[in-house]
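S.K.: Here are the chains, one letter per residue:
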Amino acid sequence: MFKNILIGLLIASSSAFAHSAIMSCFDEGDGSVTCEGGFSDGSSASGVKFYIEQDGKKVISGKMNEDSEFNFKKPNGTYSAVFDAGEGHQVSISGKDITE
Amino acid sequence: MKVSLVKVALASSIIASSALAHFQMVYTPNTALTKGGTIEFKHVFTHPFADEHTMDMAGVEEFYSITEKKGKQDLKKTLKPISWKGKHNSGKAYESKYKARNMGDHVLVMVPTPYYEKGEDIYIQQITKTVINVAGTPNGWDNELGLKAEIVPLTKPYSIWEGSSFTGIVKSNGKVVPFAEIEVEYINTTPDMKNNAMGPNKYEAPQDSFVTMGIKANKDGEFTFAIPKAGFWGFCALGAGSDKEYKGKELSQDAVIWVEAKEMK
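As you go down the protein sequences, you meet chains A and B in turn.
At position 100 of the first sequence (counting the first as 1) the number is 138 in our numbering, and the numbers step up by one without a gap.
At position 81 of the second sequence (counting the first as 1) the number is 136 in our numbering, and the numbers step up by one without a gap.
Hint data in this document are derived by calculation from the structure and do not stem from the laboratory.
Please note that the accuracy of each hint is not assured.
Claimed, not checked - Once the Cα atoms are required to be at most 30 angstroms apart in a straight line, the calculated DSS-like pairs of lysine-lysine come out as:
(1) B/K284 to A/K134
(2) B/K274 to B/K152
(3) B/K317 to A/K87
(4) B/K284 to A/K111
(5) B/K125 to A/K87
(6) A/K134 to B/K125
(7) A/K95 to B/K90
(8) A/K101 to B/K154
(9) B/K317 to B/K90
(10) B/K90 to A/K112
(11) B/K125 to B/K142
Unchecked claim - Some residues of chain B that are not near chain A, with every Cβ distance over 12 angstroms (derived):
(12) N85
(13) K90
(14) M158
(15) N228
(16) T244
(17) D247
(18) N250
(19) P255
(20) S297
Glycine is no exception: its CB is placed at the ideal position from the N, C-alpha and C atoms.
If we strip away everything but chain A, and leave its shape as in the complex, we get (with noise of 0.2 angstroms):
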């Protein structure tokens, strides 16, 4: 039983560390942005948490679609755009580092 539950936390373990959380995010240019979402060894992001942050409250929150993207309206002054794949799998993205 114990040995059971060690080797499930050994297997969890591995896969979490195995590949990380990747996101790339651009201006769209017509005043929205999309972020990707992706992991390193190519596995799909959709259904994954993504919210903007804005001193330090949620104000955009949703899962990533089934391209693995989120597109939302650019938000007025300093903001980040996280990608929550769970502990230890965030990501985050400050507003003035997206670009068109």
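Position chain B against the provided structure of chain A, taking the given hints into account.
M.R.: Using the frame of chain A, we list chain B on its own:
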């Protein structure tokens, strides 16, 4: 008499070395981009290690990109003619701008118009593949495109440390080319993107066999090459393609792939 003998010897050595070592470059200074953006390519037909002669490109039949989300996109209209300055002469070349926006792999393929090589009285056509990546997710770098001549990578061409290796398979229309003859050359300079020129050579070859290195694929068309230095390495499978004739003359339809190794620092 002595002088003319030297001249003959010199001429034949130039012919011998130029007969080898043609490489179609589809060059951009960084193939592993940290984020999306517009990047520039230079399309130059040269001898990238010695840079003794820049050829006049005869034109371009096809130039396109392949991505997972957008599929095949024709880029032929993005090509602009330029003159590229090598160490000894200038040659007709092209430049292009490419919007590498989507995350992941972008496979760029160029099929040049066959080039007439006077010295050998043959035509050369190098079907060239350059793979770039945005942000680090893989999605298509390893796809086999079924080209007439193609090197299918088994190593991500943009994700190689200096001192590691590159493995590829030589194919023609999806079939392996056993024991394919492959030439390997290093871009022995940092190409000047602004002035369309080669810079001074970085390294010297101890002997001619190091200028253009000849290796062979195994019975499965597969080869591995250890990459000693950071920078761009070109692999050219000679005559791997299925087209053997052009305008009544022999055609060497080659497969070229470019890989970039990064320094560990």
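S.K.: Would you mind marking each hint as holding or not holding in the structure?
M.R.: Hints and how they fare:
no., hint, in the structure
1, B/K284 to A/K134, "violated (35 angstroms)"
2, B/K274 to B/K152, "violated (39 angstroms)"
3, B/K317 to A/K87, "violated (33 angstroms)"
4, B/K284 to A/K111, "violated (45 angstroms)"
5, B/K125 to A/K87, "holds (24 angstroms)"
6, A/K134 to B/K125, "holds (27 angstroms)"
7, A/K95 to B/K90, "holds (26 angstroms)"
8, A/K101 to B/K154, "holds (26 angstroms)"
9, B/K317 to B/K90, "holds (17 angstroms)"
10, B/K90 to A/K112, "holds (18 angstroms)"
11, B/K125 to B/K142, "violated (39 angstroms)"
12, N85, "holds (15 angstroms)"
13, K90, "violated (6 angstroms)"
14, M158, "violated (4 angstroms)"
15, N228, "holds (26 angstroms)"
16, T244, "holds (30 angstroms)"
17, D247, "holds (25 angstroms)"
18, N250, "holds (26 angstroms)"
19, P255, "holds (34 angstroms)"
20, S297, "holds (31 angstroms)"
The earlier numbered hints that this structure contradicts are 1, 2, 3, 4, 11, 13, 14.
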